[in-house]
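> The lines below spell out each chain.
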Amino acid sequence: MRILIVEDDPLIGFDLAVELEDAGFAVVGVAPTVAKARALFEQHGCDVAILDVNLGRENSAPVATMLAAAEVPFIAVTGYSVDQCPLEFAAAPLLSKPFQTMRLIAELKRQLPQLGSV
Amino acid sequence: MHGKTGASVTPSALDDSAAYLAAIVASSADAILGKTSAGLIRSWNAACERLFGRTADEMIGQSVSELIPPELWEEEKAILARVAAGEPIENHETVWLARAERPIEVSIVFSPIRDSAGTVIGISSIIRDISQKKKAERGAAMLAAIVTSTSDGVVSKTLDGIVTSWNQSAIRILGYSEQEMLNQSIRRIIPPERQAEEDRILAAVVSGEIIDNFETVRIRKDGALIDVSVTVSPVRDPAGRVIGASKIVRDITDKRRTQQQLRDLLAEVNHRSKNLLSLVQAIARQMTRQGKQLDLDRFLERLQAIASNQDLLIKNDWRFILLSDLVRAQLRTFGDTVGDRIMIAGPHVELTPEAAQSLGMAVHELTTNAAKYGALSNGEGRIDVGWTRDGDTFAMHWIESGGPQVSPPERTGFGSRVISDMVKISLEGTVEVLFPSSGLSWQVSCPLERITCSGRDAQR
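Protein sequence lines, in the order shown, are assigned to chains A and B. Residue numbers for the first sequence follow the numbering used here, so the first one is 96 and each next one is one higher. Residue numbers for the second sequence follow the numbering used here, so the first one is 3 and each next one is one higher.
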């Protein structure tokens with residue numbers, strides 16, 4: 096199961112990648128910007144994605160739109176409260192930071208049953 | 003009684019008539035005094051006694067200048083001359099002095115007193131105390147000045163909503179001149195969908211209520227909508243009947259903007275603090291992988307390293323960190339040896355907050371390692387820290403020499419993952435970590451735009 100991580104914090108992104116690899120995912124890449132996320136997706140594609148809503152000076156709403164158009168499921172993670180998130184994330188499962196890896200994986204499985212067992 | 007019988011009627015009638023007039027003067031509510039053309043007081047009625055607090059006995063025979071402030075003596079002399087020449091003077095407003103030189107504002111009517119031949123033989127002064135009236139006038143002028151100069155729009159209107167006054171700030175806030183609004187309906191400044199507000203406001207005013215700081219929206223002359231706070235109070239006539247309304251309109255655009263900024267700021271604080279907690283969690287998780295015990299001291303040192311990066315970010319309004327500042331901050335513990343055993347050299351590079359965190363953690367790990375096992379663990383080791391920007395490429399190195407002999411670590415801990423894997427992923431670069439016996443060597447290369455603010459801005 097190939098997963099794309101969009102996260103601007105280098106250590107959090109690195110930690111997520113390590114944790115998800117341990118859980119059996121193939122990490123396509125860690126993108127700290129919308130441009131990088133787009134490039135990684137176009138180059139490698141992915142089966143699922145995890146999007147940090149706020150990427151410093153931009154937000155990942157364009158990535159959400161791109162993934163929705165490609166029918167790729169994604170989970171949003173954020174430090175914002177739900178009502179502070181852009182509309183693009185209204186329909187997406189939302190995980191509030193900080194969270195445990197177990198919860199992320201449980202959420203991936205619960206929200207995206209088409210993943211089956213990873 | 004002497005003289006002719008027939009003649010006795012006239013003097014008696016004259017006496018009666020004089021006594022009658024004297025009684026009127028004596029009992030008049032206005033102070034009336036008579037004086038000679040030269041200004042000597044000849045008569046002083048009861049109202050004079052009340053007004054000036056001085057008795058007739060005290061005043062008769064005195065000069066009228068007793069009652070006049072010295073600086074007005076010349077003026078009084080000129081008036082006396084004019085009246086003595088036969089010219090009455092109406093309602094001359096001036097200041098006279100009561101007992102203890104207390105000034106009173108007065109209005110005086112001066113009239114010449116003529117004998118039966120028409121010759122002026124004296125001057126009468128009817129004096130009215132106008133202190134209260136003057137005070138009221140000054141109060142009204144003060145209020146008018148306040149209304150004119152206040153930064154709030156102050157408007158009055160009838161109970162039908164017709165504008166009856168429109169001050170300077172109302173002009174500034176709403177864009178309509180006084181001429182454009184006087185005798186016009188106030189509804190002109192109310193957006194169509196809010197017209198019902200005016201019905202409610204007028205109804206409240208009629209029933210004597212005050213509407214306090216009602217926040218709403220109004221339309222300027224140029225069509226722009228403006229956030230305002232409105233306070234409406236009933237205006238009553240002396241009998242207490244509500245005859246109109248006064249309306250104070252305050253422009254709260256700035257207040258609204260500040261509130262919005264505060265909300266944005268709080269959202270940002272929420273986001274950043276939770277991100278920071280995630281970061282702490284990530285560090286703890288990575289430090290305790292594969293059942294390893296948490297080294298609390300190292301954990302706290304790492305939090306300290308992140309905190310010192312944050313201080314640098316705040317210094318530059320969270321926009322960038324200078325790479326040289328970052329390196330120096332992380333090496334601060336060894337501050338005395340910078341420039342002697344530690345060489346730092348490189349061009350001006352403004353790091354994005356994310357790149358600063360990545361490189362900051364890497365430098366922190368390298369420093370800690372050098373202090374424990376490398377060039378800073380003995381007295382003579384040296385470190386060469388430098389970076390270059392060559393076209394679109396950024397390169398940085400950390401090369402140790404002169405420390406104890408080095409060999410590659412047996413297993414990769416958190417520190418080695420930070421300086422290699424994390425940097426590689428976050429900077430999309432190449433990282434080379436070598437352990438020649440002379441000392442550790444760490445070399446990074448990545449696209450310049452991945453780490454600098456200017457590169458990133460150009461890209462967006």
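Warning: the hint list may mix true and false statements.
Claimed, not checked - 30 Å max Cα-Cα, derived DSBU-like pairs, lysine-lysine:
| hint | chain 1 | residue 1 | chain 2 | residue 2 |
| --- | --- | --- | --- | --- |
| 1 | A | K131 | A | K204 |
| 2 | B | K276 | A | K131 |
| 3 | B | K135 | B | K223 |
| 4 | B | K79 | B | K137 |
| 5 | B | K294 | B | K257 |
| 6 | B | K317 | A | K131 |
| 7 | B | K276 | B | K294 |
| 8 | B | K276 | B | K223 |
| 9 | A | K204 | B | K294 |
| 10 | B | K79 | B | K135 |
| 11 | A | K131 | B | K426 |
| 12 | B | K276 | A | K204 |
| 13 | B | K294 | B | K135 |
| 14 | B | K294 | B | K374 |
| 15 | B | K223 | B | K257 |
Hints are computed from structural coordinates only; laboratory data are not their basis.
> Work down the list of hints and note, for each, if the structure agrees.
For each hint, the structure was consulted:
{"no.": "1", "hint": "A:K131 <-> A:K204", "verdict": "26 Å, holds"}
{"no.": "2", "hint": "B:K276 <-> A:K131", "verdict": "24 Å, holds"}
{"no.": "3", "hint": "B:K135 <-> B:K223", "verdict": "40 Å, violated"}
{"no.": "4", "hint": "B:K79 <-> B:K137", "verdict": "28 Å, holds"}
{"no.": "5", "hint": "B:K294 <-> B:K257", "verdict": "54 Å, violated"}
{"no.": "6", "hint": "B:K317 <-> A:K131", "verdict": "28 Å, holds"}
{"no.": "7", "hint": "B:K276 <-> B:K294", "verdict": "25 Å, holds"}
{"no.": "8", "hint": "B:K276 <-> B:K223", "verdict": "46 Å, violated"}
{"no.": "9", "hint": "A:K204 <-> B:K294", "verdict": "28 Å, holds"}
{"no.": "10", "hint": "B:K79 <-> B:K135", "verdict": "27 Å, holds"}
{"no.": "11", "hint": "A:K131 <-> B:K426", "verdict": "14 Å, holds"}
{"no.": "12", "hint": "B:K276 <-> A:K204", "verdict": "24 Å, holds"}
{"no.": "13", "hint": "B:K294 <-> B:K135", "verdict": "92 Å, violated"}
{"no.": "14", "hint": "B:K294 <-> B:K374", "verdict": "20 Å, holds"}
{"no.": "15", "hint": "B:K223 <-> B:K257", "verdict": "22 Å, holds"}
Hint violations for this structure: numbers 3, 5, 8, 13, all remaining hints satisfied.
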